[in-house]
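One line per chain: the protein sequences are B and Y, in this order.
The opening position of the first sequence corresponds to residue 1 in full-length UniProt numbering, with each subsequent residue numbered one higher.
The opening position of the second sequence corresponds to residue 1 in full-length UniProt numbering, with each subsequent residue numbered one higher.
If you're looking for bench data, these hints aren't it; they were derived computationally from the structure.
Treat the hints with care, as some may be off.
Just so you know, same-sequence chains aren't split out, so a pair can sit in one copy or run between any two.
Unchecked claim - Here are the simulated lysine-lysine pairs, DSBU-like style, with alpha carbons at most 30 Å apart: (1) Lys83 to Lys155; (2) Lys182 to Lys114; (3) Lys107 to Lys182; (4) Lys84 to Lys74.
Protein chains: 2
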Amino acid sequence: MDRRSEYYSAASRLTYVAHFFGLTALILILIWLLHYRGGLNYESNNPDLVFNVHPFLMFFSLIFLGGEAMMAYKTVRATHPVKKSVHMLVHLLAIVLAIVGICAAFKYHDMIYKEDVYSLHSWIGITTICMYCLQWVFGFFTFMFPRASVPTRNKFVPWHLCGGRALLYMAICAALTGLLEKSTFLQLSPHQHESRLLNFTGLAILLFGIFVDLSVALGYYTL
Amino acid sequence: MDRRSEYYSAASRLTYVAHFFGLTALILILIWLLHYRGGLNYESNNPDLVFNVHPFLMFFSLIFLGGEAMMAYKTVRATHPVKKSVHMLVHLLAIVLAIVGICAAFKYHDMIYKEDVYSLHSWIGITTICMYCLQWVFGFFTFMFPRASVPTRNKFVPWHLCGGRALLYMAICAALTGLLEKSTFLQLSPHQHESRLLNFTGLAILLFGIFVDLSVALGYYTL
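From just these sequences and the hints, can you work out the full model?
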């Protein structure tokens, strides 16, 4: 087996580790919201339940689905055009869900008469979703329809990959600052179970990102 | 010019953008600590001045010096072994300064009788510094002394690169959660200049990381 295929197969194995951390983070977030925070409901009259839609959807869309879409070229067993369509459609679904997630935060702020977009978390988050949409549109018109010529497409692949990775890490930074901000607003003491749960959720999210990155990047190195 | 050299030269140009954001973040942190927070002094009897050493040194070591060390292969005009030594020594300096920076946080906690290592910020930070040291030791014994054989070294390069990038982003996550935590402890109102300054510092740190990543990664893609 030559070195490139060796990296490819190592990268494929790493997708399992990424899935593990992604699912762990998903379960931890659901335990947090359902067990400690009373559930989530966009249509509720209780602002807290409206807010709870925000952390769930933001993680599930830009991070979980975004990460899975990045790994689709390794995890989906199909032809290249099918993999590419899965990649594109999962990212599109992520954008739609992320927009609903952001609306939940704005609706919550309206309900409790609080200002929007003033914290570092929101600045990073808003920048991320805007750049994510741009990256999708750019990717769509370069790689899908109307497709650019082969040399042009090949030329843009590294930029698309690097940009996608930067966006994943940006979304993770937004998530971690968001978790920390929320745990401060809730005035959790460090010894509460909920506080520990949030820390483990944050770590699982970060590890998911790192393993998605590793599994996507490793196959592209040729040395 | 073939595609690989094209990426290399684009990557070299991106180092200037990275320097710009790195220096911006450095200046913003110094303005914050010197103008708004009364300066920094490890030996002071005022716990706040002791604490201020922590954000400065952590950013300056693991992020600023770490990022510059990653870009040393592009920015230092010298032979390969010299570049490699600069890369290794700057990372070593970063580790030493980071340890002093962490000691400042512990000393501050001792002075105000506060617990250590309970927040998400500290969990990410401690994990990052431990992994950073391991990565350095692993890198030293693989690439410097006693050097492994050429095929073994080549085999480990992608892991070293991906690991280094993950560590840079981990350090950035630690910095952003730290800035947000501090701005909460200080109970800054969103409209205060200091609050905005901290948000811009966070964004500059994140952008520095993204451009370091881009400038290091682009040259390695061959498509």
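Going through the hints against the structure:
1. For the identical chains of this complex, Lys83 and Lys155 are neighbours both inside a copy (20 Å) and across copies (28 Å), given an alpha-carbon limit of 30 Å.
2. Proximity of Lys182 to Lys114 under the C-alpha cut-off of 30 Å is found in both arrangements, the shortest distances being 14 Å within a copy and 21 Å between copies.
3. For a Cα distance limit of 30 Å, the shortest separation of Lys107 from Lys182 qualifies both inside one copy, at 16 Å, and across copies, at 27 Å.
4. Taking the closest pair of Cα atoms, Lys84 and Lys74 come within 30 Å of each other only inside a single copy of the chain (11 Å); across copies the shortest separation is 33 Å, beyond that limit.
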